[in-house]
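We have chain A; now place chain B onto it with these hints.
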Amino acid sequence: MQPQALDTIMEGRRSQPNQLIEVLHDVQQNYGYIPKEAIESVSQGLGVPLIEVYRVASFYKAFRLKPSGKNVLTMCTGTACHVRGSHLLLDHATSQLGIKPGEVTPDGLFSVEHVNCLGACALGPIVAENGSYHRHMTPAKLRKLIETLSRQKTEDAHHAKAQ
Amino acid sequence: MPRLNSYRELEHLRQRLREQRQNITTTVMVCGGPGCQASHSQAVIDAVRSELSSQGLDNSVRLCVTGCHGFCEQGPVIVIEPGNIFYCRVSPEDAFEIVYQTVMKGEVIERLLYEDPVSGKRIRTEAEIPFYKAQDQQLLSKHRMVDPHSIEDYIVAGGYAALPRVLNGISPEEIISEIKSAGLRGRGGGGFPTGRKWAECMEAPGDEKYVICNADEGDPGAYMDRGVLEGNPHLVLEGMMIGARAIGARKGYIYVRNEYPLAVKNSRIAVEQARELGLLGDNILGSSFSFDVDIARGGGAFVCGESTALMASIEGKVGEPRAKDVHTVVDGLYHKPTTLNNVETWANVPAIVLNGSSWFASKGTKRSKGTKILSLTGRIKNTGLVEVAMGTSIREVVFDIGGGGANGNRIKAVQTGGPSGGCLPLDKFDLAVDFDVLAEAGSMIGSGGMVVMDEETCMVDVAKYFLTFLQDESCGKCVPCRLGIDRMLEIITDITEGRGRMEQLDLLEELADTVSQTALCGLGKTAPNPVLSTLRYFRPEYEAHIKEKKCPAGVCKALITYWIDPDKCTGCGVCISGCVHEAITGEKKQPHIIDAQLCQKCGICRSECKFDAIQVV
Chain A
0 MQPQALDTIM
10 EGRRSQPNQL
20 IEVLHDVQQN
30 YGYIPKEAIE
40 SVSQGLGVPL
50 IEVYRVASFY
60 KAFRLKPSGK
70 NVLTMCTGTA
80 CHVRGSHLLL
90 DHATSQLGIK
100 PGEVTPDGLF
110 SVEHVNCLGA
120 CALGPIVAEN
130 GSYHRHMTPA
140 KLRKLIETLS
150 RQKTEDAHHA
160 KAQ
Chain B
0 MPRLNSYREL
10 EHLRQRLREQ
20 RQNITTTVMV
30 CGGPGCQASH
40 SQAVIDAVRS
50 ELSSQGLDNS
60 VRLCVTGCHG
70 FCEQGPVIVI
80 EPGNIFYCRV
90 SPEDAFEIVY
100 QTVMKGEVIE
110 RLLYEDPVSG
120 KRIRTEAEIP
130 FYKAQDQQLL
140 SKHRMVDPHS
150 IEDYIVAGGY
160 AALPRVLNGI
170 SPEEIISEIK
180 SAGLRGRGGG
190 GFPTGRKWAE
200 CMEAPGDEKY
210 VICNADEGDP
220 GAYMDRGVLE
230 GNPHLVLEGM
240 MIGARAIGAR
250 KGYIYVRNEY
260 PLAVKNSRIA
270 VEQARELGLL
280 GDNILGSSFS
290 FDVDIARGGG
300 AFVCGESTAL
310 MASIEGKVGE
320 PRAKDVHTVV
330 DGLYHKPTTL
340 NNVETWANVP
350 AIVLNGSSWF
360 ASKGTKRSKG
370 TKILSLTGRI
380 KNTGLVEVAM
390 GTSIREVVFD
400 IGGGGANGNR
410 IKAVQTGGPS
420 GGCLPLDKFD
430 LAVDFDVLAE
440 AGSMIGSGGM
450 VVMDEETCMV
460 DVAKYFLTFL
470 QDESCGKCVP
480 CRLGIDRMLE
490 IITDITEGRG
500 RMEQLDLLEE
510 LADTVSQTAL
520 CGLGKTAPNP
530 VLSTLRYFRP
540 EYEAHIKEKK
550 CPAGVCKALI
560 TYWIDPDKCT
570 GCGVCISGCV
580 HEAITGEKKQ
590 PHIIDAQLCQ
600 KCGICRSECK
610 FDAIQVV
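So the sequences go chain by chain: A and B. As numbered in numbering that gives the first Met the number 0, residues 0 to 162 make up the first sequence, in order. As numbered in numbering that gives the first Met the number 0, residues 0 to 616 make up the second sequence, in order.
Take the hints with a grain of salt, since some may be wrong.
[Said to hold, decoys possible] Taking lysine-lysine pairs in the BS3-like style, the calculated list, with each CA pair at most 25 Å apart, reads: (1) Lys140/A <-> Lys567/B; (2) Lys65/A <-> Lys250/B; (3) Lys250/B <-> Lys179/B; (4) Lys380/B <-> Lys609/B; (5) Lys380/B <-> Lys140/A; (6) Lys316/B <-> Lys35/A.
[Unchecked claim] Over 12 Å on every C-beta distance to chain B, these chain A residues come out as not near it, computed from the model: (7) Tyr30; (8) Gly31; (9) Lys65; (10) His81; (11) Asp90; (12) His91; (13) Ile98; (14) Lys99; (15) Val103; (16) Thr104; (17) Gly123; (18) Leu148; (19) Arg150.
Since the hints were derived computationally from the structure, they do not count as laboratory data. The beta-carbon is built from N, C-alpha and C at its ideal position, and this holds for glycine as well.
So here's chain B without its partners, still in its complex pose:
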């Protein structure tokens, strides 16, 4: 496509593309997000494409491979417009019926519809499904009709409409003031006011400035940034362009996890397309604004989520944080003023410029505005990406959207904010998704990870899990983090292996306090949070491990025993043939027995048994 030299040319292109698509009667959207891909959506996409082609529908029906629709548990999912018909767990064999019945005849295929587990009824449209109904999708909905590999799709959907506004008309000061009045706060975890960050960077002396998009998404159990960047890379780019215009940067970087190959690929394609159209490069849309973006791949280091470590990594160095006596908005990448925002923060920017700050601020709470994408995972029925207005209660997210515990299990906690966050018990579920409310309760929104835990999750093991993670990820530069986490992990390991003493709990708290007060960077400062929050809300579990040498959830290997419930065991022999340690014996059709001396607690028998006969005490 030829380069666009003015705002008018961009609008002409939008008009022309929309006209070209007037003869499209139906759009079949197949999710190509990471969850559906893991459920082999590529085979479904290929099958639908070849079916459309063999029916001669290439020109009137558009197959759109989109980013994540959110409901990953039900993948691969397909939505057909018009009609908003939602099909889930689709297989390639369904392609013929979908094209022949639904696309060509407008008939709905009952068996592919989502079945509401409560009412048992099949639900016809996406909008009526409880998982979606309780959400407020502002960002996720933007990529529903957009193929992330197509800049045309983004333009047709109204994209790159905010950029011309900031190039002609609105001054950098006005952009920043708009972002400030919107009350946008950083979605990466810190919750720092974005407008203030931009203002400080704009005011910082120097001609050479940078903007960075943090797409390193290091929090384990969270994948919302990947959902946005993979699904709608141009939205993120447009946000970065607006930010760069505001602070006066000519160069930007997307720092993206190498473990997300699709995010790397999609953002590279997006940058190339934007360059081709002249939306990146010199004199964008004929204005005096010049800006370009490069992709920098991360190296799989959690500490690189910390701003100074991330910048060191872009410079090709080891990702070690440095003391922030001077903030990165003044002394950042290559010692130049730098604005670093997370994927979701950048993605929120274009709509604020287009719709105004009061539109954005109309959603949310007093100090947390707009919506937040959460990655709802763990021991819950409906897992996936969820977007809700700030202020929505955890209860609504977990029960109304998430549908409650999986397999009828009792939910007992939710872990929010990744390794820097904490665990909140069921009686705190009325708390709102709000930066300050969750921080006061000893956790944080963080980047939006929400891992649900039930009676089969051991909270001491969760604390051990995070300490192991952080010990591994600590860069080792400062002593409190390097040694403090080690010592805390030692104590927790003692507890989970039956060597714990009650007085160690006090020592654990003391250590946690010291580490959080003296570590150099955010990783170390927040490292004790999972320990402190589990101690605060789940102390009885720690005590059970120490005093009774028992793991109530049945997780900590040293404190549990596998046994077979004779009332449930049918004597089918599956566990016997599955046990590699030859620990199970028994006659056919007679209850089997596990030899506790030989049992390695590997869990094979438990995952093989169809009768739930293998129990852990």
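Isolated chain A (complex conformation):
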């Protein structure tokens, strides 16, 4: 964790407890998750008790307390996606990768998350891969997507070795 980034985030917000959620968003955007050290610094900086910072960070779904995988697969489980079979997608991703929603694969390559709605309901089911939307997904397309992303990792590794 680079403490300088945290200083920039806290700038102009010190001792303002109402800025807690905004600060946590920025921390997550910067580090990819909310590190323990950041929770401590945010607590001191805003003048909010440590337990309250943790409570807020764990209450809201948007916040992640652990780092995510390199590829974050976000399954939309909104109603429109559900009636078009998104439950099969979530089942599939968790079984193919062997992890539960919110977890990271041991190689750090994937994490699977689900979100209540991504707001592109007309084109469901939607799966977001690091924020980029894949529309009209099916279990078969998802399987191929995961395979392609896994292959990229192997190719990257070969490439690195060759260099």
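Just chain B now, kept in the frame of chain A:
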């Protein structure tokens, strides 16, 4: 741009901008809304821009990246004015032809036109497409020529014309009386009369007051607020300015979902631009009115759609609702009088001030006025954002605009109002989109989500889906909601997994009744609605699950079996290579067979099969 110090300066600016644009002969509007973006509209935008530039058309043709046009299913869409030519499913490779043929020569490219699935004919203009023809777009049409990143576009299109009226001339009391006579009701779900809310807030004691725009849009399967805020943020801001003037607020917040990065970005840009022009800040347009707006990002908690929870969240706290013995119009954000309205409600305000309450009230029904944006999704042909006059029947929305079931499937229900709403069966489709009519039928308009369901949707599974959602989203503060939803979900899970007993249905109803009567906030009070409405209208489906241990729609995994129809199977082998569980066997060109013991019902084979041979019973 320099700060505007008076109404006159604003009008001069409008005049000047319009004159500057006189030499623009053609406008190419490309949709940059969430649906079209998911269909890679950015690549289309880049291609059209570079094509216009290489043809030297930068000054005479305007490329306008707009908010959502509504017809997301057909994205990316482009509309070219003049001519109202509508192109759909455009790819970057089409850019050259669009610019060379349509923009430069005025010729229409047949293959990019929308094909009417009924007549099979290509339709040339947007206005003639049945999806649009049956709508009454009052709000959505406002951002057709507007780039949401350009305050100039909004001003040229006649924006910020209502604001000066409320600053000079109309008194706060008159604004409120106008909103009251218009009959505007809250578009977020409650349907509370907006004018009454404003009046109570104005009358509440205290100098420090707030207005809030709820753009948290937590209802799954609904995205109309995002469509409006992303597409036309200045319209929402102008509505908030008018509201703030009416109730006497100096500060406002837009509480927006963090899952909508474009909405966050566009509203931030809009606020900055409005500040620069002096439309936000101190002494707006030289008047005594000062008002500013901040953006607060939500944390992805559905319960924050509840007013007290939302306000707690803006204060940086956990989004737990509190008892509303004193309403938020008196004791709201930071314990000050606060007016909270949803995006669409705010967006309706400027036109009411400009055109008058009777104009607004001329549309709609006796108690539900104006238009409503619906998010038409699910198992239907034409999905997208749809705006209709209140009073339009569900049938018109689903069949005339939506075009009926996808793949020729039989539609059986529509779910309206999100997790607080309910499911209405086909024989209720003559009911009108109206706050009170839908509530009487056991559902609600809610924020406008309309998810269509067909014979392949299991209504028990839908009830289970909503209970799972609500169990996850319940903040846990009050017992009826925290434990009641849990117990209801337990029963429904039993039913969907083949352990259900008929007497559990009575218990389910009893629990639903208790939760709705005793929960603290709206989330808990309305949580039983999806269960109650499916029990009311689709009881035979529950009974099939319990008595026959069957899921008629083929959804509930524990009660279904996958099999291959030998008459349809061509023996192509795609399912065999796709099956990760090695459950499918068969020779080439011979019908294949699924081993039910090995099959995990993951659905891969079904989504791979091109011959519709894989069936579920």
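Each hint tested on the structure:
1. Under the criterion of a C-alpha separation no larger than 25 Å, the hint pairing Lys140/A with Lys567/B is consistent with the structure, at around 23 Å.
2. For the hint pairing Lys65/A with Lys250/B, the CA-to-CA distance comes to about 36 Å; that exceeds 25 Å, so the pair is violated.
3. The suggested pairing of Lys250/B with Lys179/B holds, with an alpha-carbon distance near 23 Å, which does not exceed 25 Å.
4. Taking the CA atoms of Lys380/B and Lys609/B, the gap is near 20 Å; set against the 25 Å cutoff, the hint holds.
5. Under the criterion of a C-alpha separation no larger than 25 Å, the hint pairing Lys380/B with Lys140/A is consistent with the structure, at around 21 Å.
6. With a C-alpha separation of about 19 Å, the suggested pairing of Lys316/B with Lys35/A holds against the 25 Å cut-off.
7. In this structure Tyr30/A is separated from chain B by more than 12 Å, as the shortest Cβ-Cβ distance comes to about 16 Å.
8. Consistency note on Gly31/A: stated as away from chain B, and its beta-carbon is indeed over 12 Å from all of that chain's, at 15 Å minimum.
9. At the 12 Å boundary, the C-beta of Lys65/A stays outside the reach of chain B, the nearest C-beta of that chain being 16 Å off.
10. A Cβ of chain B approaches the Cβ of His81/A within 12 Å, the least distance being about 5 Å, so the stated non-interface status is violated.
11. Asp90/A, annotated as away from the interface, has a beta carbon of chain B within 12 Å; the closest lies near 6 Å.
12. With a least CB separation of 5 Å from chain B, His91/A falls inside the 12 Å interface cut-off, contrary to its annotation.
13. The Cβ of Ile98/A sits about 16 Å from the closest Cβ of chain B, beyond the 12 Å cut-off, so the non-interface label holds.
14. Every CB of chain B lies more than 12 Å from the CB of Lys99/A, the least distance being 14 Å, so the non-interface label holds.
15. Against the 12 Å criterion, Val103/A stays outside the reach of chain B, whose nearest CB is about 19 Å from its own CB.
16. At the 12 Å boundary, the C-beta of Thr104/A stays outside the reach of chain B, the nearest C-beta of that chain being 17 Å off.
17. Chain B draws Gly123/A into its interface by the beta-carbon criterion, the shortest separation being 7 Å against a cut-off of 12 Å.
18. Separation of Leu148/A from chain B is adequate, the least Cβ-Cβ distance of about 16 Å exceeding the 12 Å criterion.
19. The Cβ of Arg150/A sits about 16 Å from the closest Cβ of chain B, beyond the 12 Å cut-off, so the non-interface label holds.
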